[in-house]
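Going line by line, the protein sequences match chains A and B.
Going by my numbering, the final residue of the first sequence carries number 112, and the count climbs one at a time with no gaps.
Going by my numbering, the final residue of the second sequence carries number 112, and the count climbs one at a time with no gaps.
Just so you know, these hints were derived from the structure itself, not from any lab.
Hints may contain errors.
Incomplete in silico selection of chain B near chain A, CB under 7 Å [claimed, not checked]:
no., residue
1, Leu7
2, Tyr39
3, Leu46
4, Lys49
5, Gly53
6, Thr95
7, Asn99
8, Thr104
Between beta-carbon pairs, the in silico distance windows are [unchecked claim]:
no., chain 1, residue 1, chain 2, residue 2, range
9, A, Thr38, B, Thr109, 16 to 24 Å
10, A, Asp30, B, Ile60, 34 to 42 Å
11, B, Ser27, A, Ile5, 16 to 24 Å
12, B, Asn68, A, Arg22, 40 to 48 Å
13, B, Lys58, A, Glu14, 47 to 55 Å
14, A, Lys78, B, Ala17, 27 to 35 Å
15, A, Asp57, B, Thr55, 16 to 24 Å
Only some residues are given here: those of chain A computed to face chain B with a beta carbon under 7 Å [to be verified]:
no., residue
16, Met40
17, Gly42
18, Leu45
19, Pro61
20, Asp63
21, Phe65
22, Ala88
23, Phe91
24, Gly106
Just so it is clear, the structure is predicted and the values come from calculations on it, not from any experiment.
We put the beta carbon where it would ideally sit given N, CA and C, even for glycine.
Listed below are the residues making up each chain.
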Amino acid sequence: DAGVIQSPRHEVTEMGQEVTLRCKPISGHDYLFWYRQTMMRGLELLIYFNNNVPIDDSGMPEDRFSAKMPNASFSTLKIQPSEPRDSAVYFCASKQGNQPQHFGDGTRLSIL
Amino acid sequence: AQSVTQLDSQVPVFEEAPVELRCNYSSSVSVYLFWYVQYPNQGLQLLLKYLSGSTLVKGINGFEAEFNKSQTSFHLRKPSVHISDTAEYFCAYQTGANNLFFGTGTRLTVIP
Numbered sequence: 001d002a003g004v005i006q007s008p009r010h011e012v013t014e015m016g017q018e019v020t021l022r023c024k025p026i027s028g029h030d031y032l033f034w035y036r037q038t039m040m041r042g043l044e045l046l047i048y049f050n051n052n053v054p055i056d057d058s059g060m061p062e063d064r065f066s067a068k069m070p071n072a073s074f075s076t077l078k079i080q081p082s083e084p085r086d087s088a089v090y091f092c093a094s095k096q097g098n099q100p101q102h103f104g105d106g107t108r109l110s111i112l
Numbered sequence: 001a002q003s004v005t006q007l008d009s010q011v012p013v014f015e016e017a018p019v020e021l022r023c024n025y026s027s028s029v030s031v032y033l034f035w036y037v038q039y040p041n042q043g044l045q046l047l048l049k050y051l052s053g054s055t056l057v058k059g060i061n062g063f064e065a066e067f068n069k070s071q072t073s074f075h076l077r078k079p080s081v082h083i084s085d086t087a088e089y090f091c092a093y094q095t096g097a098n099n100l101f102f103g104t105g106t107r108l109t110v111i112p
């Protein structure tokens, strides 16, 4: 079975540009999570969805960040405008019910 | 408030030696506890989980962990490590909600 698929794997862009990260969860999973990993702050939960509905977005750092889940097989995390301090590895994870989360391989984002 | 603390940021160990990675949790309610492993440039992979029942939990790759309620610990152990075990290890907890909270990680380096 395919795992959680994230794209792109790497993104380098200049500050001020819009960045869109994509995630395809495992088929049948009803929860989707977005995390950010940095050296300074470790792994932080940004937002999670249940059945495509955002449940907790308290971890989203600023209004520049937004996430959507238009259907059960796709989610996006958008940063507009991007800033150098947004540079991090962004992970998507999904799970079914009370089962553990499965993680994608992440998107390494560098904002110059 | 709930939290997990990983006491060691780095653990070097010789190949075929035993290893213990420490994790302590703080919670006034029941929690689910997890250990995840992250290999370079990859996402997190579940090693093992404790939900209830037997306090000794066996996971993949020969790892095991013991839930100790009196000491509020969930230490990860392996009797004999391999070079391929070199990675970052994260302890995490989950309460009744779906949020997964991670420790700061322990970098295990296996020395030939």
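A quick look at each hint next to the structure:
With its C-beta approaching chain A no nearer than about 15 Å, leucine 7/B sits outside the 7 Å limit, and its interface hint is violated. Using the Cβ-Cβ criterion of 7 Å, the hint placing tyrosine 39/B at the interface with chain A is not satisfied: the shortest such distance is roughly 10 Å. Hint status for leucine 46/B: holds, given a least beta-carbon distance of 5 Å to chain A, under 7 Å. At a threshold of 7 Å, the smallest CB-CB gap from lysine 49/B to chain A is about 6 Å, leaving the interface hint in force.
For glycine 53/B, the interface hint is violated, since its Cβ never comes within 7 Å of a Cβ in chain A; the closest pair sits about 14 Å apart. Because the beta carbon of threonine 95/B sits about 12 Å from the nearest beta carbon in chain A, more than 7 Å, this interface hint is broken. Evaluation of the asparagine 99/B hint against chain A yields a held restraint, the C-beta minimum of about 6 Å falling below 7 Å. Annotation: interface hint on threonine 104/B holds; nearest CB of chain A at approximately 5 Å, less than 7 Å.
The given range of 16 to 24 Å is respected by threonine 38/A and threonine 109/B, whose C-beta atoms sit roughly 21 Å from each other. Take aspartate 30/A and isoleucine 60/B: their Cβ atoms lie about 24 Å apart, and the range 34 to 42 Å is violated. Distance hint check: the CB atoms of serine 27/B and isoleucine 5/A are about 33 Å apart, inconsistent with the given range 16 to 24 Å. The hinted range of 40 to 48 Å is satisfied by asparagine 68/B and arginine 22/A, whose Cβ atoms lie roughly 41 Å apart.
Checked against the given bound of 47 to 55 Å, the beta carbons of lysine 58/B and glutamate 14/A, roughly 49 Å apart, stay inside it. Distance hint check for lysine 78/A and alanine 17/B: the Cβ-Cβ separation is about 47 Å, which falls outside the suggested range of 27 to 35 Å. The beta-carbon spacing between aspartate 57/A and threonine 55/B, approximately 36 Å, falls outside the hinted interval of 16 to 24 Å. A cut of 7 Å between beta carbons decides the hint on methionine 40/A: the least distance to chain B is about 11 Å, and the hint is violated.
Proximity of glycine 42/A to chain B holds as hinted, the smallest CB-CB distance being about 5 Å (cut-off 7 Å). Taken as an interface hint, leucine 45/A checks out: its beta carbon lies about 6 Å from the nearest beta carbon of chain B, inside 7 Å. A least Cβ separation of about 16 Å between proline 61/A and chain B goes past the 7 Å threshold, and the interface hint is therefore violated. Residue-level restraint check for aspartate 63/A is violated (minimum Cβ-Cβ distance to chain B is 22 Å; threshold 7 Å).
Restraint check, phenylalanine 65/A versus chain B: the minimum CB separation of about 17 Å is more than 7 Å; hint violated. Here the hint on alanine 88/A is broken, as its CB sits about 14 Å from the closest CB of chain B, past 7 Å. Annotation: interface hint on phenylalanine 91/A holds; nearest CB of chain B at approximately 6 Å, less than 7 Å. Hint status for glycine 106/A: holds, given a least beta-carbon distance of 5 Å to chain B, under 7 Å.
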